[in-house]
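First to last, the protein sequences are chains A and B.
Take the first sequence: its letters are residues 1 to 498, numbered as in this note's numbering.
Take the second sequence: its letters are residues 1 to 95, numbered as in this note's numbering.
Hints are not guaranteed to be accurate.
[Stated by the list, open to error] With the C-beta cut set under 7 Å, the calculated list includes, among others, these residues of chain B facing chain A: (1) Leu14; (2) Ala78; (3) Val90.
[What the hints assert, rightly or not] Quick list of the computed label-pair ranges, beta carbon to beta carbon: (4) B:Glu84 - A:Trp496: 47 to 55 Å; (5) B:Asp22 - A:Gly153: 21 to 29 Å; (6) A:Arg151 - B:Ala25: 32 to 40 Å; (7) A:Pro309 - B:Gln5: 32 to 40 Å; (8) A:Gly143 - B:Ser2: 29 to 37 Å; (9) A:Gly153 - B:Arg75: 51 to 59 Å; (10) A:Lys291 - B:Gln5: 48 to 56 Å; (11) A:Val278 - B:Gln5: 49 to 57 Å; (12) B:Ala78 - A:Lys55: 14 to 22 Å; (13) A:Glu275 - B:Leu62: 38 to 46 Å.
[As the list claims (entries may be wrong)] Keeping only pairs whose Cα atoms sit at most 30 Å apart, straight-line, the calculated DSS-like set for lysine-lysine is: (14) A:Lys101 - A:Lys245; (15) A:Lys423 - A:Lys353; (16) A:Lys291 - A:Lys266; (17) A:Lys312 - A:Lys291; (18) A:Lys353 - B:Lys92; (19) B:Lys92 - A:Lys61.
Calculated directly from the structure, the hints in this document are not laboratory data.
We treat Cβ as the ideally placed atom computed from N, Cα and C, and that holds for glycine.
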Amino acid sequence: MSTSSRHELTRLTLTAAHEGLSEGHFTATELTHAYLGAIEAAGDLNAYVLATPEKALDMAKASDARYAAGTAGPLEGIPLGVKDMFATEGVRTTACSNILKNFVPPYESTVTSRLWKDGAVLLGKLNQDEFAMGSSTESSAFGAAVNPWRRNGSTQKLVPGGSSGGSAAAVAAQICAGAAGTDTGGSIRQPAAFTGTVGIKPTYGRCSRWGVVAYASSLDQAGPIARSVNDAALLLRSMAGHDPKDSTSVDMPVPDYEAAVGASVKGKRIGIPREYRVDGMSPEIAALWDKGANMLRAAGAEIVDISLPHTKYALPAYYIVALAEASSNLARYDGVRYGERVAGRDIVDMYEKTRASGFGDEVRRRIMVGTYVLSAGYYDAYYLKAQKVRTLIKRDFETVFAQGIDAVLAPATPSPAFGIGEKSGADPVEMYLQDVFTVTLNMAGLPGIAVPAGLSSEGLPLGLQLIGRPFGEEGLFSLGQVIEEAAGRFEVSDRWWE
Amino acid sequence: MSVDQATVRRVAHLARIAVTEDEVAHLQGELNAILAFVEQLGEVDTDGVEPMTSVIPMTLPLRADVVSDGGYAERVLANAPASEDGFFAVPKVVE
Numbered sequence: 001m002s003t004s005s006r007h008e009l010t011r012l013t014l015t016a017a018h019e020g021l022s023e024g025h026f027t028a029t030e031l032t033h034a035y036l037g038a039i040e041a042a043g044d045l046n047a048y049v050l051a052t053p054e055k056a057l058d059m060a061k062a063s064d065a066r067y068a069a070g071t072a073g074p075l076e077g078i079p080l081g082v083k084d085m086f087a088t089e090g091v092r093t094t095a096c097s098n099i100l101k102n103f104v105p106p107y108e109s110t111v112t113s114r115l116w117k118d119g120a121v122l123l124g125k126l127n128q129d130e131f132a133m134g135s136s137t138e139s140s141a142f143g144a145a146v147n148p149w150r151r152n153g154s155t156q157k158l159v160p161g162g163s164s165g166g167s168a169a170a171v172a173a174q175i176c177a178g179a180a181g182t183d184t185g186g187s188i189r190q191p192a193a194f195t196g197t198v199g200i201k202p203t204y205g206r207c208s209r210w211g212v213v214a215y216a217s218s219l220d221q222a223g224p225i226a227r228s229v230n231d232a233a234l235l236l237r238s239m240a241g242h243d244p245k246d247s248t249s250v251d252m253p254v255p256d257y258e259a260a261v262g263a264s265v266k267g268k269r270i271g272i273p274r275e276y277r278v279d280g281m282s283p284e285i286a287a288l289w290d291k292g293a294n295m296l297r298a299a300g301a302e303i304v305d306i307s308l309p310h311t312k313y314a315l316p317a318y319y320i321v322a323l324a325e326a327s328s329n330l331a332r333y334d335g336v337r338y339g340e341r342v343a344g345r346d347i348v349d350m351y352e353k354t355r356a357s358g359f360g361d362e363v364r365r366r367i368m369v370g371t372y373v374l375s376a377g378y379y380d381a382y383y384l385k386a387q388k389v390r391t392l393i394k395r396d397f398e399t400v401f402a403q404g405i406d407a408v409l410a411p412a413t414p415s416p417a418f419g420i421g422e423k424s425g426a427d428p429v430e431m432y433l434q435d436v437f438t439v440t441l442n443m444a445g446l447p448g449i450a451v452p453a454g455l456s457s458e459g460l461p462l463g464l465q466l467i468g469r470p471f472g473e474e475g476l477f478s479l480g481q482v483i484e485e486a487a488g489r490f491e492v493s494d495r496w497w498e
Numbered sequence: 001m002s003v004d005q006a007t008v009r010r011v012a013h014l015a016r017i018a019v020t021e022d023e024v025a026h027l028q029g030e031l032n033a034i035l036a037f038v039e040q041l042g043e044v045d046t047d048g049v050e051p052m053t054s055v056i057p058m059t060l061p062l063r064a065d066v067v068s069d070g071g072y073a074e075r076v077l078a079n080a081p082a083s084e085d086g087f088f089a090v091p092k093v094v095e
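Just chain A, with the same shape it has in the complex (with noise of 0.2 Å):
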C-alpha cells in the first residue's frame, strides 16, 4: 500500500471509518494493515512500545467475518492502541517500567474486554510514563515518547504531554483510530491538550479498574483519546459499565453519550472560575480561555463567574494522597510474583535490589515521599490533613452545582507542549506544576474532557477542558461538540517522521 492511499484510509475519524466499514467500503483487515503501516513508519514517535500485527489482523479478519454475518459491534473492526497501563491477557503489559519489563498476563483488564466485545481491534500498547507517574512520558523505560506537532520552523523534539503520552502522540499522528488511557491527575487531558486530540476522564467509578495496573486507587479512571468529541464518546460508550470485579464501580445504566453529541447547550451556565488564573499564566492560554467562553455564549450557554476557593490547594493535597496510595499500591513488585528479581543475601535484601533496580527515578522518589507521608507520627499531619483538604475540593465544586452551575470551563493546561528536557531539572515540583488545572477533578472524583481550542503563535494545539457533575459526562460531549464546532479539528499537516 502507498503512504498515500494508506493514509486516505488512517486520515478517517473513528466515526467515519466505522461507517466506511459498515457501507463496505473497504474492510477490516484493509483498516488495519493501513495503521500496520502507519505504525511501522512512525518508530520516530516512539509511541508504541509493543506492535502486535498478528493479533490485529487476526481480529480484524473475524471483525470482517461478523460484518459478512451481520453480527457487527458498535466498534467492529476499529483499530486502537491501548496504554500500557491495561493488562491484556497474553501480550506484554509493563506500564513501562523495568520491573515489569516481561510480565505477560494471564488475564484482560475490564476496560479493554469490553473494547474487543464490541469489535475493536488492538494495534499494540502505548508508551507513558513509568507506572504513570509524570506529564511529559520521558519517564519510560523504553524512552520518551515524541509530540507529531512541532513549533513552526522547528525540528525541536517535543513531548506530548503524559502520562498518556503515548497515546495521544499515536491518536495525533494517526497510527491508531483512538486509544484507552488512563487519568490520575491529569494524565488523559494534558496529552490530549499537548496533542490536539480530545480527551475524557470519566466521573471515579464509570469505567472498571479491573485489570489496570493500580497507581493511585482513589484517583485513577480510564477515559478515551480520540481525534474528535464524537469518536470520544464513542469510545466511552464502550469502556464504561459496571463491573462486579471493582468495588468502586458504579452500577448505573451508561447512556448513548453519541446521542448527546450536538445536543443544544442553550441556557447552560457555565461557570469560569476565577482562581484557575494563575499567575504566570500564559497571555495566550488566557485570551484561549475567554474564546472558549465566547464559543459557548454564542451557543446560548450563559458565562457566569464563580469561585472554587480551595483550587491552590488541590496539587499539594494531591500529591500526598497520590503518593500514599502509590507507596501501598507498588509495595507489591517485590521480585516475587512480577518476574524482575535480583537476588540478595536474605529475603529483605532481595527485596530492596530488585525495587532499587526495577523501579526508575521518578517511581523511586514517589515511592518514598508517599511512604514518608504515611510513616508513624506523620500520618495525620500530612494524609489525613490531604484527606480533609480534599473534602473541602469537592465542596467548592457541590457549591457551584448545587447554585445551577452545570459545568465549568477552564484551560486543560498551563502552557503547550515543552522540549524534551527542559523540565527534567532538580525540582520535581516544576513538573508536577502542570496538573494544576487538571488534578482538581481527579480530588473530587468528578468528570472532565479536554477538546482542543486553537493553536499557540508558534503552531501549537491548545486545549480547554469542560468540568462536569458527578456522572455528567452526556453535558460535557454537548459543550465539548459546541467548542469543536466552532474551533475546528486540529490535524497535524507535516507528517516529518514517514
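Fit chain B to the supplied structure of chain A, relying on the hints for placement.
What follows is chain B alone, placed relative to chain A:
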C-alpha cells in the same frame, strides 16, 4: 518539615528500596523540595472537616461468600521468577 539523611535511609528501608550513599544526598534534596511544596496545606483551616473516604457516595457492595473463581495455580505462577510445587519460591526466611 524537612528530612535529614538518616531519615532518607530509614524511609528507603521502609519502602524496601536499596539506596547507595551517593544517592542519599540527592534524594534528600528532592524529597525536601516535594515536602516544602505540600507544606502550604498548613494554611488551610480544616477544623471540623471530615476526611474524604469516597468521592462518589456509595455503600461497599457485598456478595455471597462462595468460591467464584480460581483453580489455576499455574496461571497465577506463570510470571513468578521462581516457583516450586505450585508455590512462589523465595529465599529462606526461617532458619
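So, going through the hints one by one against the coordinates:
no. : hint                           : in the structure
1   : Leu14                          : holds (5 Å)
2   : Ala78                          : holds (6 Å)
3   : Val90                          : holds (6 Å)
4   : B:Glu84 - A:Trp496: 47 to 55 Å : holds (53 Å)
5   : B:Asp22 - A:Gly153: 21 to 29 Å : violated (42 Å)
6   : A:Arg151 - B:Ala25: 32 to 40 Å : holds (37 Å)
7   : A:Pro309 - B:Gln5: 32 to 40 Å  : holds (39 Å)
8   : A:Gly143 - B:Ser2: 29 to 37 Å  : holds (34 Å)
9   : A:Gly153 - B:Arg75: 51 to 59 Å : holds (54 Å)
10  : A:Lys291 - B:Gln5: 48 to 56 Å  : holds (51 Å)
11  : A:Val278 - B:Gln5: 49 to 57 Å  : violated (35 Å)
12  : B:Ala78 - A:Lys55: 14 to 22 Å  : holds (19 Å)
13  : A:Glu275 - B:Leu62: 38 to 46 Å : holds (41 Å)
14  : A:Lys101 - A:Lys245            : holds (26 Å)
15  : A:Lys423 - A:Lys353            : holds (29 Å)
16  : A:Lys291 - A:Lys266            : holds (18 Å)
17  : A:Lys312 - A:Lys291            : holds (24 Å)
18  : A:Lys353 - B:Lys92             : holds (16 Å)
19  : B:Lys92 - A:Lys61              : violated (51 Å)
The structure fails to meet hints 5, 11, 19 from the earlier list, while all remaining hints are met.
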